[in-house]
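As you go down the protein sequences, you meet chains A and B in turn.
Sequence positions in the first sequence follow the working numbering and run 18 to 382.
Sequence positions in the second sequence follow the working numbering and run 18 to 382.
Incorrect hints may have been included.
Chain copies aren't distinguished; within one or between two, either way the pair holds.
As the list claims (entries may be wrong) - Calculated cross-link-like contacts (lysine to any residue; reagent style SDA-like; alpha-carbon spacing at most 20 Å):
1) K370 to R335
2) K23 to E106
3) K169 to T35
4) K123 to I171
5) K124 to E323
6) K169 to P179
7) K176 to R151
8) K124 to D99
9) K169 to F48
10) K330 to E126
FYI, nobody ran anything at the bench for these hints, they're computed from the structure.
A quick note: this is a predicted structure, and the numbers were derived from the prediction, not measured.
There are 2 protein chains.
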Amino acid sequence: MRIQGKHYETIRIETSGTPAVSIIDQTGLPFAFRLRTLRSFDEVFSAIRDMRVRGAPLIGVAAACGIWLGLEETPSGSDLKDTVRSLCERMGKARPTAVNLHCAVKKMETFLGNTETLAGAREMALTFAENLKRSEISACRAIGKHGFPLIKEIAEKKKGAPVNILTHCNAGWLACVDWGTATAPVYKAHREGIPVHVWVDETRPRLQGSRLTAFELKEEGVPHTVITDNAGGHLMQHGMVDIVLVGSDRTTRCGDVCNKIGTYLKALAAYDNHVPFYAALPVSSIDTDLCDGAAEIPIEERGGDEVIFAEGKGGRIRLLAEGSPVANFGFDVTPARLVTGLITEYGICRAEKAEILRLLQKGEE
Amino acid sequence: MRIQGKHYETIRIETSGTPAVSIIDQTGLPFAFRLRTLRSFDEVFSAIRDMRVRGAPLIGVAAACGIWLGLEETPSGSDLKDTVRSLCERMGKARPTAVNLHCAVKKMETFLGNTETLAGAREMALTFAENLKRSEISACRAIGKHGFPLIKEIAEKKKGAPVNILTHCNAGWLACVDWGTATAPVYKAHREGIPVHVWVDETRPRLQGSRLTAFELKEEGVPHTVITDNAGGHLMQHGMVDIVLVGSDRTTRCGDVCNKIGTYLKALAAYDNHVPFYAALPVSSIDTDLCDGAAEIPIEERGGDEVIFAEGKGGRIRLLAEGSPVANFGFDVTPARLVTGLITEYGICRAEKAEILRLLQKGEE
């Protein structure tokens with residue numbers, strides 16, 4: 018990822034000097050680009066809770082870093098088992114519904130069970146955090162590599178005209194450590210000199226599209242246009258979208274894709290207009306326990322203030338009068354029948370049980 | 018329509034005393050309810066141009082009123098033909114793309130050609146404006162009457178549970194003189210004691226849903242919930258919508274419906290979930306010259322500021338950083354195959370050429 022022409026990652030682990038973690042503070046984006054150094058467990062915890070870092074993969078890495086800092090702060094002589102348990106338990110509460118956070122914390126707790134000394138635990142925690150970070154980056158890079166041919170093929174058919182990609186929400190590097198998921202094939206194509214243009218759904222209510230994805234694309238120099246969430250169907254009807262690429266928060270073994278609210282509407286429009294619709298995701302987000310996403314995945318209902326108010330440069334304003342109730346559903350489920358394919362770090366597969374299980378098996382071999 | 022418990026119309030023609038027109042100033046809604054008295058052609062012209070009055074049917078009536086006031090201001094001895102031509106020509110420019118405005122102005126010009134005296138023209142202009150207003154109200158009331166059984170039937174099946182209606186944008190009384198189009202069956206059902214609940218799409222970028230439709234429903238005492246435009250598909254997947262009712266800016270003889278951007282996405286979701294999808298419209302909005310809406314109807318591209326900025330209580334804020342281009346399409350076309358039916362003042366018909374032409378013929382008999 019590039020910001021103001023310089024290479025960054027959303028999180029950096031500082032081991033020379035005082036142990037610390039430096040992050041891009043996402044609460045100021047896109048209007049202010051601020052780096053922030055976190056020097057303690059509590060500072061990392063607050064950064065996750067206050068969404069200074071956000072995005073499932075990034076939160077997992079940040080949590081691991083926080084636990085490492087917690088161990089660095091722990092005075093020698095403390096009970097190690099108690100300390101690890103308490104740090105992991107506390108960190109798990111930073112964002113109650115974040116699956117990656119809980120996954121990372123749980124794995125780390127098990128991993129740290131293999132040492133008896135505080136010094137050993139500190140070293141292992143650092144190793145765990147660094148490995149998790151590295152594996153998130155390489156998964157995203159591999160998603161980019163596997164998704165790239167889809168864009169290249171369209172570019173060849175279009176003979177030099179830009180490939181029009183529509184995306185929803187932010188499945189970019191800001192949500193990950195680098196590359197992003199849905200954006201990885203786009204950045205790869207752009208760097209390979211293939212002309213691309215991205216339609217960015219603004220993504221109400223939190224506007225992750227216009228605030229975050231547009232920021233990323235602008236900094237990377239990728240041509241793009243921000244549109245309202247209402248516009249994608251019209252664009253597809255008129256041949257102005259060649260492919261839809263979105264992320265996924267949770268994918269069932271049968272290929273149903275749970276992603277930011279509104280994704281399903283874009284999948285319907287893509288299907289109706291014969292536009293390929295792909296979800297890009299690390300295999301860790303595939304939940305093999307589930308099949309029928311719409312029936313089995315509980316959808317988070319968030320506070321109404323996100324719908325009632327809008328925030329931006331100039332403050333916070335009220336959009337509707339008092340006295341009208343609002344509802345704010347965070348995600349929806351796109352049924353597998355509307356999904357052309359899944360792009361993962363192991364390769365691409367159809368959104369279909371047998372293929373998904375085969376891919377997971379192949380990847381583990 | 019009721020506001021603060023009192024009956025209103027969006028426009029009132031004042032003939033006792035100084036000729037004037039009084040309107041609800043829609044620019045302040047939903048935060049400030051202001052009536053405004055317009056006493057001259059220029060004041061009406063500005064009110065239309067600045068969108069103090071908006072909505073296709075209402076603009077037509079307001080334009081007619083403005084021309085009447087223009088004739089009242091005309092000194093005797095003026096050349097009548099020249100005056101009428103000039104007033105009509107000027108009024109036609111208040112909103113360049115408003116079809117109803119041009120239609121009303123054209124009809125009025127022809128109608129006023131039947132008199133030779135200024136006094137006669139004044140009287141005829143007033144008659145024309147009053148008749149147009151009356152016919153808009155009765156068309157909307159008839160739409161309500163014809164649409165009502167659709168809601169009633171669902172209510173009977175649901176045995177007393179509220180009928181959940183989803184609507185997009187504002188096709189309510191604020192866009193008309195009274196009743197509205199898509200809202201007319203809802204208000205009728207509510208007054209008949211049938212329990213209804215309306216999901217109101219906020220309708221980015223101009224937020225006519227959260228600003229205007231929610232205001233109307235609140236004032237009428239109709240239970241409703243404002244949602245983002247992204248949410249409707251999820252609701253329909255979970256059986257939380259019984260019927261979709263929208264307006265139409267232009268309908269082709271083959272039944273394609275051009276309406277506010279995003280309508281097409283809701284129609285796709287309704288179709289995918291077997292939810293009936295109806296457009297409510299006066300027959301005057303059926304354009305028998307057109308068949309294939311997506312191919313033949315030019316879609317207005319509006320200024321990007323509507324996407325970049327948001328306005329509300331607390332001012333105007335910028336939602337995305339500078340440097341990202343935006344696009345702002347005003348309308349989209351829902352193909353007839355996704356439309357369950359059209360609700361008009363002549364009755365309901367399927368969105369299909371033979372039925373539409375039969376309905377138009379029957380209505381004219």
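Quick rundown of the hints versus the structure:
With identical chains, the CA atoms of K370 and R335 are never at most 20 Å apart, being 45 Å at best within one copy and 44 Å at best between copies. Taking the shortest alpha-carbon separations for K23 and E106, neither the intra-copy value of 37 Å nor the inter-copy value of 58 Å comes in at or below 20 Å. In this homomeric assembly, K169 and T35 never come within 20 Å of each other (Cα to Cα): the closest approach is 46 Å inside a single copy and 71 Å across copies. With identical chains, the CA atoms of K123 and I171 are never at most 20 Å apart, being 42 Å at best within one copy and 49 Å at best between copies.
Taking CA atoms no more than 20 Å apart as the test, K124 paired with E323 passes in neither setting, with 33 Å inside one copy and 47 Å between copies. Taking the shortest alpha-carbon separations for K169 and P179, only the intra-copy value of 11 Å comes in at or below 20 Å, while the best inter-copy value is 51 Å. Taking identical chains as interchangeable, the C-alpha atoms of K176 and R151 are never at most 20 Å apart, the minima being 37 Å within one chain and 58 Å between chains. Taking identical chains as interchangeable, the C-alpha atoms of K124 and D99 lie at most 20 Å apart only when both belong to the same chain, with a minimum of 16 Å there against 85 Å between chains.
In this assembly of identical chains, the alpha carbons of K169 and F48 never lie at most 20 Å apart, being 33 Å within a copy and 51 Å across copies at closest. In this assembly of identical chains, K330 and E126 lie within 20 Å of each other by CA distance neither inside one copy nor across copies; the values are 41 Å within and 48 Å between.
Checked against the numbered hints listed earlier, the structure breaks hints 1, 2, 3, 4, 5, 7, 9, 10; every other hint is satisfied.
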